[in-house]
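Visitor: Given the structure of chain A, go ahead and fit chain B onto it with the hints provided.
Sequences listed follow chains A and B, in order.
When we follow my numbering, the leftmost residue of the first sequence carries the number 190, and every step to the right adds one.
When we follow my numbering, the leftmost residue of the second sequence carries the number 102, and every step to the right adds one.
There's no promise every hint is true.
Claimed, not checked - Residues on chain B that point at chain A, a partial pick, calculated with CB under 7 angstroms:
1. Q183
2. F194
3. S200
4. L201
5. N202
6. K204
7. P214
8. L217
The set of hints was computed from the structure by calculation and includes no laboratory data.
Since the model is a prediction, treat every value here as computed from it, not as a measurement.
Each residue gets a CB set at the ideal place from its N, CA and C atoms; glycine is no exception.
Spelled out from the first residue to the last, the chains are:
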Amino acid sequence: MLINNEFNEEKIQSPLQYTWSIFKRNSLAITAMWGSLILILITLFADYIVPYAPSTQYVKHLLLPPYWVEGGNSAHILGTDDLGRDSLARLIQGIQLTLGGALAITIAVSILGSVIGATAALTKGLKASILHHLLDALLIIPTLLTALILIVMFGPSYENSLIAVSLSLLPQFIRGIYISIENELNKQYIISLRLDGATNVRLLRFGIFPNILEPIITLLNRIFTMAILEISTLGFLGFGTQFLDVELGALIASSIVLIYSSPWLVFFPGLAIFIIILVFNIFTEGLRHAVIEGEDL
Amino acid sequence: MQTLLSVSNLCKNYKRSARFLSSGFRQALGPLSFTLERGQTLCVVGESGSGKSTLVQMIAGLISPSSGEIYIKGEALSSLSQQERCKSIRMIFQDPSDSLNPKATIGRILAAPLELNTNFSTIEIDEQIHETLNLVGLLPDYLDFYPNMLSSVQQHKVALARAMILNPDIIIADEILATLDISLRFKIVNLLLDIQEKRGTSYIFVAHNMNLVRHMSDQTIVMHNGLIVENNRTEEIFNRPQAASTKHLLQSHQPDYRK
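Bound-form chain A, shown alone (with noise of 0.2 angstroms):
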């Protein structure tokens, strides 16, 4: 304990502590964390909290719409489809399938493309050459293009368009990752830390890893967002779910037919697009300037 403790401060706010009580100041972004969290949430028990089984048809209510506009039915509260299946219950799963893919993709991304980045800055020679090389070969490439590229050599399938879209995103990753761990690389901690005879893992624990959470959070954000928009594109472009499956991108597709007999079916699919990328884009960057507030003190 504090042998004089003339501020009379309970104890000592770690970097993180203190990044987060700054954060708490911010409501706007409060705000979009508990969005963020309740989309989670939702992506997680989605099979529980859906009023209906999304393939059921209720062909007594065919095209219905949301129930506060005149002719709805209380029992859809967002409409049924042409086949009668209830939307609130299709856009719940699509939050599912598009939501929970960009998660998963982004999480198989950073671990992934952060072994790959922190190998690659902290060898030397031609391994991290023909790397460095290649990489750059593959960031020319658009990644629609790739993911495009690879779903039609894996074949259409959520899974397969998954694992595209992460493929086209890893480059990028790994370059963020790069460029920013060789930045740090640099500063003269990490130089003294090493003269000390520190090993790599320990390097990148202490030393780089706590000092680089800024880039970190851009690029990890980046992804998201990429990766939410390019599942919905190969999903509109009917390349990801096939059939009973719907993720957004395919929901907008299957009604774009009935938009002016119906344009709730695109309408909401498509504000729960923006909504996802919306909330998580001010929850990060509310983050983000957080953590830059933060090192600035």
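Guide: Just chain B now, kept in the frame of chain A:
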């Protein structure tokens, strides 16, 4: 008594790649030879670009020399393990706000060299940290602090503690005093001289301020274009400078005398 540090014919070459397909070497530094005794202070002075920093970084092990050898207590540095090397030569970097990890507590920062280079138990590490903090005049309270919570003098003291924690024979300091203002500078200088008296540590300083050099050092090396132009007792150099560049250096600091 054995010479503590002896540098013989140390050279550093850089590959020249100015023109296509022409290979050649540019002699950046050396050949340099000098010795340092235990408990003595060596100052390296010279204009910028004269190779002072390269020289001390080679001794610290940051840069590997192209040729030549550094002997410490009669043993060649290249034959020592990383751990033995760490225990005998420690380096303090220019700016402690850069050289202390902002995301680690002082306790962690000080424990790292011990964990990596000794077989101490947790209790021994703790004792050693407290002893070293006492040596540099910091309270054990600071162990839970993060570097950015400390003043610049305290940060300097932590950096010094980090260097002293392995009880090294030589401490290399690359312009550590440049960022401090004059009163704080003397605080650190007195602390350094105090430690030298207690522990018999040798210092190698890279310095700019000639008055400080005169105050602190026993031996001075004047460098110019990667070569040693003068190597003598400090008093000799200040009273009877031989080389032209030494005279220039002294003259450039004349305004300080008048103040």
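Visitor: So, for every hint listed, does it hold in this structure?
Guide: Status of the hints after comparison with the structure:
1. Annotation: interface hint on Q183 (chain B) holds; nearest CB of chain A at approximately 4 angstroms, less than 7 angstroms.
2. Evaluation of the F194 (chain B) hint against chain A yields a held restraint, the C-beta minimum of about 5 angstroms falling below 7 angstroms.
3. Hint on S200 (chain B) holds. Least Cβ distance to chain A is approximately 4 angstroms, under the 7 angstroms limit.
4. The interface hint given for L201 (chain B) holds, since its Cβ lies 6 angstroms from the closest Cβ of chain A, which is under the 7 angstroms cut-off.
5. At about 4 angstroms, the closest approach between the beta carbon of N202 (chain B) and any beta carbon in chain A falls short of 7 angstroms, and the interface hint on this residue holds.
6. Checking K204 (chain B) against chain A: minimum C-beta separation of about 4 angstroms stays under 7 angstroms; hint holds.
7. Because the smallest distance between the Cβ of P214 (chain B) and any Cβ of chain A comes to about 5 angstroms, under 7 angstroms, the interface hint for this residue holds.
8. At about 5 angstroms, the closest approach between the beta carbon of L217 (chain B) and any beta carbon in chain A falls short of 7 angstroms, and the interface hint on this residue holds.
The structure meets every hint from the earlier list without exception.
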